[in-house]
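Residue numbers for the sequence shown follow my numbering, beginning at 1188 and rising by one.
Please note: incorrect hints may appear among the correct ones.
Claimed, not checked - Once the Cα atoms are required to be at most 30 Å apart in a straight line, the calculated DSS-like pairs of lysine-lysine come out as:
# : residue 1 : residue 2
1 : 1472      : 1351
2 : 1470      : 1377
3 : 1267      : 1351
4 : 1267      : 1470
5 : 1223      : 1267
6 : 1377      : 1438
As the list claims (entries may be wrong) - Here are the simulated distance ranges between beta carbons:
#  : residue 1 : residue 2 : range
7  : 1225      : 1267      : 26 to 36 Å
8  : 1444      : 1247      : 46 to 56 Å
9  : 1377      : 1211      : 43 to 53 Å
10 : 1377      : 1253      : 28 to 38 Å
11 : 1370      : 1409      : 32 to 42 Å
12 : 1222      : 1329      : 36 to 46 Å
No wet-lab data here; the hints were simulated from the structure. Built from N, CA and C at the ideal position, the CB exists for glycine as well.
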Amino acid sequence: MRVFVAGGAGMLGRRLVPRLVARGHEVTATTTGAGKVGLLERLGARAVVMDGLDAMSVGEAVGTARPDVIVHQMTAISGKPDIRHMDRWFAVTNRLRTEGTDHLLAAAEATGVAHVVAQSYGGWNGIQEGGWIKTEDEPTDPMTGTAAEPVMTAIRHVEESVTKAGGVALRYGAFYGDGALDSQLALLRKRQLPLVGRGTGYCSWIHLDDAASATVLALEQRATGVYDIVDDEPAPAAQWLPYLAECVDAKPPMRVPAWLARLLAGEVAVAMMTRGRGFSNAKAKRELGWELRYPSWREGFRNEEFSA
């Protein structure tokens, strides 16, 4: 197939493109600047510079590639984590998930692309009611009135618009591998990433290699709807955060009460650490035949070569 990967130079894109090429697909991958054209070409793709927020740029890139499938991996998450001001930290990514998604879907319709695979998110943001582990039948939490509300609104837009068009939205868990946790690890080593309250909030993790393998399956099988792409062991912060610190030879994280964390880091940080809901991968394993290289973050963290 001819596959168009929007955001091919991103963390997941860099793992996805060579897998697609190895499986015989003809890949066109985009980047926002000429500086990463060489990287994409070395991965085996035809590289294109594209502005995902410019409808004309997207239309021209897709029209020239004439793909059979579009994979939407466009984000702009970088720099030091800023959970207190998540709306600002994710501002461009929110636009890529709303305006950028609309541009890709319009280009798909204009060129007759029948299938779109899009990146969504399913780490800690399951609806904060009922059990701790959520399925695709349950919504993500809107986080109304918090700095995360625009982020969740954008995620919902991706899922609703792509599935309405007959495509598939993949709720990836929290990424690790290939430097994905570098900024968090820097805080952890400085003991600036504490446990909040009793650390009861759940999170689902996924190694980038496993996320890429699931994406290939969803693409090749023309999957539709929503799939949770997470590992087998959603876990509370009280388990995974001290273990991650141990894996990188950092001191155990400090523990702060929820009221203090709310003052210092905002309501979203408290929600993540104390009320977060993880996700189940049962549907993806059952319907896609997906097998994970790292079924648990425990072995994944332990085997990862984290940068110092």
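Going through the hints against the structure:
Among the hinted pairs, residue 1472 with residue 1351 is consistent with the structure: their alpha-carbon atoms are about 23 Å apart, no more than 30 Å. Our distance criterion of 30 Å between C-alpha atoms is broken by residue 1470 and residue 1377, whose separation comes to about 39 Å. This hinted pair does not check out: residue 1267 and residue 1351 have alpha carbons roughly 35 Å apart, beyond 30 Å. In summary, the hint linking residue 1267 to residue 1470 is not supported, as the alpha carbons are separated by about 34 Å, beyond the 30 Å threshold.
The straight-line distance between the Cα atoms of residue 1223 and residue 1267 is roughly 22 Å, inside the 30 Å bound, and the hint therefore holds. Annotation: proposed proximity of residue 1377 to residue 1438 holds, straight-line Cα distance about 9 Å (limit 30 Å). Hint check: residue 1225 to residue 1267, Cβ distance near 28 Å, so the stated range 26 to 36 Å holds. In this structure, residue 1444 and residue 1247 meet the distance hint of 46 to 56 Å, their C-beta atoms being roughly 54 Å apart.
For the pair residue 1377 and residue 1211, the beta carbons lie near 46 Å from each other, so the given range of 43 to 53 Å is met. Residue 1377 and residue 1253 have their C-beta atoms about 49 Å apart, which leaves the hinted 28 to 38 Å range violated. Checked against the hint of 32 to 42 Å, the C-beta distance between residue 1370 and residue 1409 comes to roughly 36 Å, which is consistent with it. For the pair residue 1222 and residue 1329, the supplied restraint of 36 to 46 Å holds, since their beta-carbon distance comes to about 37 Å.
Hint compliance for this structure: hints 2, 3, 4 and 10 are broken, all remaining hints hold.
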